[in-house]
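J.: Sequence:
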Amino acid sequence: MATDADVDMGCAPTASHDILNVPPSGTKRNADGQPIENLPAKSDAPRRIRALDPNVVNKIAAGEIIVAPVHALKELIENAVDAGATSLDVLAKDGGLKLLQITDNGCGIQKEDLAILCERHTTSKITSFEDLAAIATYGFRGEALASISHIAHLSVTTKTKDSDLAWRAHYLDGKLAPAKPGQSAEPKGVAGRPGTQITVEDLFYNIPTRRRAFRSPADEFNKIIDMVGRYAVHCKGVGFTCKKAGEASTNLSIQAQATVIDRIRQIHGSAVANELLEFSVAEDRWGFKAEGFTTNANYSVKKTTLLLFINHRCVESTHIKKAIEQTYANFLPKNGHPFIYLSLEIEPARVDVNVHPTKREVHFLNEDEIIQSICEHIESKLAAVDTSRTFMTQTLLPGAKVIDSTPQTDSDGTPGRRTPASKKRRYSNDLVRTDTTERKITSMFARAGPSESTGSMDHTVETTTAPEAHEYEMVDRELVQCRLNSVKKLRDEVREDTHHDLTEIFSNHTFVGIVDEQRRLAAIQGGVKLYLIDYGRTCYEYFYQLALTDFGNFGAIKFNPSLDLRELLRGAAEMERSSITSPEEDFEVETLVDRVADQLIERREMLLEYFSLEISPAGELVSLPLLLKGPALTLSYAN
Numbered sequence: 001m002a003t004d005a006d007v008d009m010g011c012a013p014t015a016s017h018d019i020l021n022v023p024p025s026g027t028k029r030n031a032d033g034q035p036i037e038n039l040p041a042k043s044d045a046p047r048r049i050r051a052l053d054p055n056v057v058n059k060i061a062a063g064e065i066i067v068a069p070v071h072a073l074k075e076l077i078e079n080a081v082d083a084g085a086t087s088l089d090v091l092a093k094d095g096g097l098k099l100l101q102i103t104d105n106g107c108g109i110q111k112e113d114l115a116i117l118c119e120r121h122t123t124s125k126i127t128s129f130e131d132l133a134a135i136a137t138y139g140f141r142g143e144a145l146a147s148i149s150h151i152a153h154l155s156v157t158t159k160t161k162d163s164d165l166a167w168r169a170h171y172l173d174g175k176l177a178p179a180k181p182g183q184s185a186e187p188k189g190v191a192g193r194p195g196t197q198i199t200v201e202d203l204f205y206n207i208p209t210r211r212r213a214f215r216s217p218a219d220e221f222n223k224i225i226d227m228v229g230r231y232a233v234h235c236k237g238v239g240f241t242c243k244k245a246g247e248a249s250t251n252l253s254i255q256a257q258a259t260v261i262d263r264i265r266q267i268h269g270s271a272v273a274n275e276l277l278e279f280s281v282a283e284d285r286w287g288f289k290a291e292g293f294t295t296n297a298n299y300s301v302k303k304t305t306l307l308l309f310i311n312h313r314c315v316e317s318t319h320i321k322k323a324i325e326q327t328y329a330n331f332l333p334k335n336g337h338p339f340i341y342l343s344l345e346i347e348p349a350r351v352d353v354n355v356h357p358t359k360r361e362v363h364f365l366n367e368d369e370i371i372q373s374i375c376e377h378i379e380s381k382l383a384a385v386d387t388s389r390t391f392m393t394q395t396l397l398p399g400a401k402v403i404d405s406t407p408q409t410d411s412d413g414t415p416g417r418r419t420p421a422s423k424k425r426r427y428s429n430d431l432v433r434t435d436t437t438e439r440k441i442t443s444m445f446a447r448a449g450p451s452e453s454t455g456s457m458d459h460t461v462e463t464t465t466a467p468e469a470h471e472y473e474m475v476d477r478e479l480v481q482c483r484l485n486s487v488k489k490l491r492d493e494v495r496e497d498t499h500h501d502l503t504e505i506f507s508n509h510t511f512v513g514i515v516d517e518q519r520r521l522a523a524i525q526g527g528v529k530l531y532l533i534d535y536g537r538t539c540y541e542y543f544y545q546l547a548l549t550d551f552g553n554f555g556a557i558k559f560n561p562s563l564d565l566r567e568l569l570r571g572a573a574e575m576e577r578s579s580i581t582s583p584e585e586d587f588e589v590e591t592l593v594d595r596v597a598d599q600l601i602e603r604r605e606m607l608l609e610y611f612s613l614e615i616s617p618a619g620e621l622v623s624l625p626l627l628l629k630g631p632a633l634t635l636s637y638a639n
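No gaps in the numbering here: position 213 of the sequence shown is 213 in UniProt numbering, and each next residue is one more.
Every clue listed holds true.
Distance ranges between label pairs, derived from CB positions:
(1) 202 / 506: 45 to 55 Å
(2) 52 / 367: 30 to 40 Å
(3) 497 / 208: 43 to 53 Å
(4) 323 / 500: 47 to 57 Å
(5) 480 / 578: 38 to 48 Å
Treat the hints as calculated values from the structure; they're not laboratory data. Computed from a prediction, not measured in an experiment: that's the story for all the values here. All C-beta atoms in this analysis are idealised placements derived from N, C-alpha and C, irrespective of residue type, glycine included.
Work the whole structure out from these sequences, hints included.
T.: If you want it as structure tokens, here you go:
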């Protein structure tokens, strides 16, 4: 039997022995679970330098160049414009993260170049570093497509003018890759149009932290629209379209032949385009030429919109933006800002384009002098047209409370000042320009009578001949209460489907006018909103509800003399027969007329009681129901 002495003298350790040797729970441990105090002391020797794996290097570089889908799009747009494209179509899904596709009609890519297309630092723009001093293209580093291929699934379909086929290639990590596992990675011949189509799918699929950073696809798509709009304004002679995948309508569409003002109008609205001033300035001393459009003093918004292109490259410059804002400070109200499109061309030798990974910044010589020259020219343009200002006013509406213009006085008799906070601004979209309670202009016209005189005036006023007024005869008849379950059920269905907001609009609407007679479209105003309605469908629903409400209590339109019922039915039957296209639907006109006429004559008492539709025993139409007093009834007959 083992004793405690046996255990202490070298026998195999027991469970109790292990427990006694476990470090306290508060002991710090490393990743392997060993207590830190038991680890060997750290060496003071510096860490060894190791070369990073090329795949890691490429991913890091790609993350610097392609920060968001809009940066990938910018690179692809610039490549397309460099290729001489006159038409660019942009397609995006989920803000460009799921799909980003750009199609152009440029010169295309040679099949022999597809093998190295996505390798890093391969380009057709420059051949030596000295070429940067005379760079006249957007691209020059050969990194855009390479970076995209490392963080997305990239495919390229291209066709040159002298090629019989288009060629499609897929890329992964800068090299050709098969479209599906087991297939060849070589470019495949397909049908296609001249130009290039680049498709980027699953952007940042292998960088999950970057992918999760994009919270809203809608925000990313708005950035794409903004970027396409900037290049659409600048690139003259190039057409642009941009839309979401799966949607038929385009979010942005610019024709190639559109002028700069037309492009600004379509993208930024007429409020900007109507207030534009064109400017142009050049100085050989500083080696630059600037041209563009800027808004006058009548336009003012809360945030400056600056479309800046330096040597046709879309860039950002806080120095230029602040200088222009200071120039406008003397012309615009407080917190007012302008819209500016500025295209600045500087001698390539004076510009350093290789400053920022995304190429959004450039440096150039004599920056302060060039900015000052541009701002002075813009200021002179603004001063030349600053002779009048446009202010929006609103006519006082009937029934509105008149504001007392008498200045308020304090208790000591001195005029009081109204604080700015007490002024309530009314926006144009909140103003009601027409009101159903207004007096109509037709009420001011003179009423034409049989022998109208001018009172004290001794001459007669000639008036146009108006149609004779309808004669209405009031009858003393008690209101009939409808007890038919079928009619009550129809009334209940109408009440259940009542739309209260729509009812309010129609109850207080103002008729604006007919928009399209063929499509039965009319415009009405309800409150501050303008509505387009199908007045045929609206009248159908109105008279249907009116007939249910007044069922059994209709008025009557009397015919004198009475009309031949069979003659009316015969005309309707012949019209119906003329529109028949199938022989199986053909019928005898007289047989149908006799059958329908006999049924109507047989039920004439019910028709008279319920609908005020009176038919004589001889088959003459005496009256029709009158649903609404006022509209004229016009009947035309073919002899």
